[in-house]
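Chemist: Start from chain A and add chain B according to the hints.
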Amino acid sequence: MNSSKGGSNTGNLVDTLMEELNCETVFTLPVLGGISESVVVTWIIMAVLVLLSIVLVRNLRVENPGKVQLALEAGIGWAQDFFEGIIGKENRRYIPYLITVLLYLAFSNTIAPLFGFKPPTKDLNVTAGLAIMSMCLIEYSGIHKNGLKHWVKHFAQPVPVVAPIMILEVIIRPLSLCMRLFGNMLAGFVVMELLKTIVPLIIPIPVSFYFDIFDGLLQAYVFVFLTGLFMNEEME
Amino acid sequence: MLSLDLNLVWNIINLVVLYLLLSHFLFKPVMGIMEKRRQIIEDGLKNAQAAQDDAAKMKQEYEDALRGAKQESVQILEKARSAAKSEYDRIVGEAGDKAGNIIESAKETVRAEREKTMKELQGEIAGLAVASAAKIVGRTADEDLYDQFLKEVGGTHDDTDDK
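Residue numbers (the numbering used here), protein chains in the order written: chain A, -1 to 234; chain B, 22 to 184.
If we strip away everything but chain A, and leave its shape as in the complex, we get (with noise of 0.2 Å):
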C-alpha cells in the first residue's frame, strides 16, 4: 500500500508537471494550424506593452516634463546608452530593436509570477525565433557595415583553416542564446511547480523571487547583451 500510494503520488506529480511543462494548443486555425499558447501569451504582452507605450507617451513635452515623462525618458535614455556602449553610437539604427527585445523579455520571463500565465520563453519556438532574428541581424549588420565581400572573406581569417568554424558559428550563436534562454526558463520554471506541489506556502515565495524575477531579468538582460556584443564583433 504504501509503495502504491508513493507510486501514486510520483504519478500524480508527474502528471502535473506534465501538464504545466507542456505548451498546450489553445486553439486552432483552419488552414495556419495550432496556436500554442506562448503565441497567445506573447499577443497579451504585446498588446500591454503597446497600451503602455501609448499611455505613457501621450502628452510628451519638450520643456517642463512631467515625472511619468522623466521616468520613462530615464529608462529609454539608459537603455540607449547601454547599447551604445556596446554596438557604437554609429550604429543606433538597432537599438530600437534591442530595447523591443530586452523589454518582450523582461516581460514574458516575469510574467509567470506575477500574472499566472506560464511564460512564453518556456517553449522552445519563442526563444528559438528570438535566436533567429538574432542571427539575422547579427549578420545583416556585419553585411550592412563592411559589405558583401568583407562578410564572405572573413570567414577565412585569420588562415582558412579556421573556416569551417567560423561557418559554425553562425549557426552556434544563436544557437546558444536560444538553449541559455530556454534552458534557465524551463529550469526555473520546474523548479518552482515541483517547490509548489511539496511545499505550497510561504516558501516558494523568495524561490520565486531569484528563479522567476531575477533569473528572469537577468536572462533577459544576457540575451540583448550577447546580441548586442556579436553584433559588434560582426560589424569589426
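Hints are supplied without guarantee of correctness; some may be wrong.
[Stated by the list, open to error] Straight-line alpha carbon distances no greater than 20 Å define the calculated PhoX-like cross-link-like pairs of lysine-lysine that follow: (1) B:Lys67 to B:Lys57; (2) A:Lys143 to A:Lys87; (3) A:Lys87 to B:Lys80; (4) A:Lys116 to A:Lys194; (5) B:Lys80 to B:Lys91; (6) A:Lys87 to B:Lys140; (7) B:Lys78 to B:Lys67; (8) B:Lys128 to B:Lys140; (9) B:Lys78 to A:Lys65.
Calculated directly from the structure, the hints in this document are not laboratory data.
Modeler: Leaving out everything else, chain B in the frame of chain A:
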C-alpha cells in the same frame, strides 16, 4: 515541449510586429523628444556663446570709441586752449597799444594845452606889463622908475649876456 513547429514562425512574426508597433508608439516619440531637447540645449548654448562673443566685441568697440573720444577731447581742449591764448595775447596787445595811444594823445593834449596856456599867460603878462607900464608912464613919468626898470631888465639882460 522540445518540439519546433509552425509556432516558431508565429513568434517571429509577433516579434517583428511588436518591434514595428513599439518603434512607432514608443521609440519614435520618446527619442524624438529627447533629440529635440538635446537640440534645444545645444542651440541655447550656441546662442549664449554667440551673445557672449557679441557682447565682448561690442565692449571692445565701446572701449575703442571711448579712447578715441578721450583723445579727441584732449585735442579739442588743447586747440581751445591755444586759441584762447592767442586771442588773449591779441586782446592784451591791442589793449596795450590802445592804452599807449591814449596816454600819448593825452600827453600831447596836455602839452598842447600847456603851451596854449603859456602863450595866453605870456600874452596876458605882456598886456599886464604894458598896461602897468602905461599906467606908470601915464601917471608918473619918473626917471627913477625907468632907470629902475631898465636896471632890472638890464640886469637880467646882463646876466644872460654874461653867460
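Chemist: Now look at each hint and say whether the structure bears it out.
Modeler: Hints versus structure:
Taking the CA atoms of lysine 67 of chain B and lysine 57 of chain B, the gap is near 15 Å; set against the 20 Å cutoff, the hint holds. Restraint check for lysine 143 of chain A and lysine 87 of chain A: the C-alpha separation of about 13 Å stays at or below 20 Å, so the hint holds. Taking the CA atoms of lysine 87 of chain A and lysine 80 of chain B, the gap is near 42 Å; set against the 20 Å cutoff, the hint is violated. A hinted pair counts as satisfied when its Cα atoms are at most 20 Å apart, and lysine 116 of chain A with lysine 194 of chain A qualifies at roughly 14 Å.
Between the alpha carbons of lysine 80 of chain B and lysine 91 of chain B the distance comes to roughly 16 Å, so the proposed pair stays at or under 20 Å and holds. Annotation: proposed proximity of lysine 87 of chain A to lysine 140 of chain B is violated, straight-line Cα distance about 129 Å (limit 20 Å). The hinted pair formed by lysine 78 of chain B and lysine 67 of chain B meets the criterion: a straight-line CA distance of about 16 Å does not exceed 20 Å. With a CA separation close to 18 Å, the supplied pair lysine 128 of chain B and lysine 140 of chain B stays within the 20 Å bound.
Distance check on the hinted pair: lysine 78 of chain B and lysine 65 of chain A sit about 43 Å apart at the alpha-carbon level, beyond 20 Å; violated.
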